[in-house]
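Keeping the supplied structure of chain S fixed, place chain C upon it in accordance with the hints.
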Amino acid sequence: MDELQSLVDDLGRRSVEARLGARGFPDAFDGQLWGNLEQAGLTRLSNDDDAGPAAAAVVLAGVAKHAGAVPIAETDLLATWLASAAGVTVPDDGPLTVALADAELRDGRVVGTARDVPWPRATVLLAARTAGGLHVAVTEPGDLVEGHNIGGEPRGTFSFDVADAVTVDARVADELVRRGAWARCVQTLGAFEAARDLTVAHTGERVQFGRPLRAFQAVQHSLAAMAGEIERARAATALAIAAAADHGFDSPATEYAVTVAKVAVGRAVTPVTTIAHQLHGAIGVTVEHRLWLATMRARAWADEFGSPGHCARRLGRMVLAADDPWDVIVSGPA
Amino acid sequence: MGVPGPVSEFDALCANDDELADLRAAIRGFLVADRQQYGWRPAVDSWLGGWDTGFSERLGAAGFIGLTIPVSYGGHGRSHLHRYVVTEELLAAGAPVSAHWFADRQFAPALLSYGSEAQRREMLPQIAAGRLYAAIGMSEHGAGSDLAAASTRAVKVDGGWRLSGTKVWTSGAHLSHRIVVLARTSPLDPEHRHAGFSQFIVKLDSPGITIDPIVQMGGEHHFNEVTFDDVYVPDDDVLGEIGDGWRQVTSELGFERSGPERILSTAPLLLGMLRMLASQAGVDDGTATDVGDLVARVISLRQLSISVARTLAAGEDAATRAALVKDLGTRFEQDSVELIAELLDRVDRHTGELRAMLATARLHSPLFTLRGGTNEVLRGVVAKSMGLR
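As given, the protein sequences belong to chains S and C, one line each in that order. If you're matching positions, the first sequence starts at 1 in the numbering used here and goes up one per residue. If you're matching positions, the second sequence starts at 1 in the numbering used here and goes up one per residue.
Bound conformation, chain S alone (with noise of 0.2 Å):
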């Protein structure tokens, strides 16, 4: 793992300084990191027998935490399963992307719209739900709007009506939030750690009234309980990965970890994201500057796949179902 570690480091920095100044809001697709990282196969790990969730965690928190404007977790933990699951025909390789939206059925054919749908310029695979079950189809965006979230990343809205999809059961559409909203933790412990290194960096360096801005005590806590909130957040999603490692996406296990680090992490964006864009002063909100790509990202994955008070809820609701709320604490629902 340490060496899957630091080739994605690698790949990741070398991302950073060949886009060095050359970046805008919105951030563009980067081809280069993208092909980098399929030559290295670690584009589709989550659903590799030899690889599996642990290491597709470290390819994904390693690419956030540089910014790399890729869809890995949209192709690595959704699109390339799904294709499987629905027995889908997707290109081998590229970006692929899944569009899940609420959809009809008129005269057989599934219809609706997806919105807020991530890196539509990929392959896109629509992921339909009815009441029929959820319904599975490669399909081209005519209509396409593009746009982009507060992270800068590309989302889009388009419109669908196709003929020839593949059902399968709607617990489908159920894995895959779940699969998503567990990429979603793992990218925001990325993107903590590069607000983290960057905040520690610039508080070492700035000087005023004649110190670094870490030599002051107000400083040095705000940067404890920065580091705290983190640590707190990645013990949430290390046992998420643990959980989807060991008993698969599919299981309650997994729910139960997903759902609490959704929320722990969820909550952990407003000080962590707070406390970095104070100790760096207003040149942190300049888009020249490399924290936003870390903390607005940050903020706009918080929400996707279930906000943390969506979550809240429904863990709140598993607490109260349980046999012994204590059981819950330890190891979630008996």
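For the record, the hints were derived by calculation from the structure and aren't laboratory data. On a predicted model such as this, the values are computed, not experimentally measured, just so you know. All residues carry an ideal CB built from backbone N, CA and C; glycine is no exception. Among the clues, some could well be false.
[As the list claims (entries may be wrong)] On the chain C side, residues computed to face chain S include the following (Cβ under 8 Å):
id: 1; residue: Glu9
id: 2; residue: Phe10
id: 3; residue: Arg120
id: 4; residue: Val295
id: 5; residue: Leu304
id: 6; residue: Asp327
id: 7; residue: Val377
id: 8; residue: Arg379
id: 9; residue: Ala383
[What the hints assert, rightly or not] Stretch-level coverage of chain C by chain S, calculated; a stretch enters the list once three of its residues show a Cβ under 8 Å from a Cβ in chain S:
id: 10; stretch: 277-283
id: 11; stretch: 286-293
id: 12; stretch: 358-366
[What the hints assert, rightly or not] Covered, in the sense of this in silico footprint (three residues per stretch, anywhere, with C-beta under 8 Å from a C-beta of chain C), are these stretches of chain S:
id: 13; stretch: 61-71
id: 14; stretch: 156-170
id: 15; stretch: 246-256
id: 16; stretch: 310-317
id: 17; stretch: 321-333
Same frame as chain S, but now just chain C:
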């Protein structure tokens, strides 16, 4: 560690794999039966307030004290994670554990690391039996967060030492058998403030000791002021090496800082409130969300605490993360009191038991972020380690 590798990483992270799950079931069984027979009431912060020598003796007899003490010294030769599981189940149940608490948590490990063979043989079996209670004499009037300012001193005399000074905030000193005292054995060197300290194991009935209560707001008496007036301590009762006291008291802070008692001091109140909510029909979405937020904080903190315990049990360093657990965990304990009060407000029927626990929690909560090193000091420890990265 002689523990076999976990089958499931998930279970291991939950401190609930194989042997630990069996142990958890065993301590739960003991607690239910013991409470039924002896009628103690679950209490918040019971590691400070719940003094019950009968309970400690029964717990010891059942094999749940001195888990990490080797079998040859009357203990059970298990890992720190075994102790972790038993400790958190005791706290979650609100069991009256304070009589044996400091002996089991601090004194026994100190004896194992620094004690003489005679000291170990004399005291460890008694600690494991839940019959020997120890107080920890560290803070003084002029030495709180700045422990190195301690001025209690020991002067060498024939065959032993003469101890003089005053310790404060000494939990349970009025009921304990021994007190472990940190004292200066050489004068303060301003260049090396941490040098010249030593530790002494002092019998609390020694001539020259005066114990006065420090009564907490709310009227409870757990803390004491312990004055040593030229108290004779034989050489045999020195703990470890003369001059090595500072290292001895600081080297094993990790377990203490990151343990379940930094998260679960209010757990009986939290669990009582949750059980009451669960028994009610039609809990609204807002309440369910608040419950989920509260529980997610406990679970994520517990995960962090266990990950530190696993690192420490493997013999690796986790000093910074241990400090983080204490800062985050005790702030959570404090926050939890009013969050729980808000949720209780939405419950139709309160029980007297929950009301009493809430009152105790409010009276104790200012202590959560003070005891064992203030959070401000801990944050300094954390920030320092970040700067060196």
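Structure versus earlier hints - violations, ascending order:
When the structure is compared with the hints, numbers 3, 7, 12, 13 and 14 turn out to be violated.
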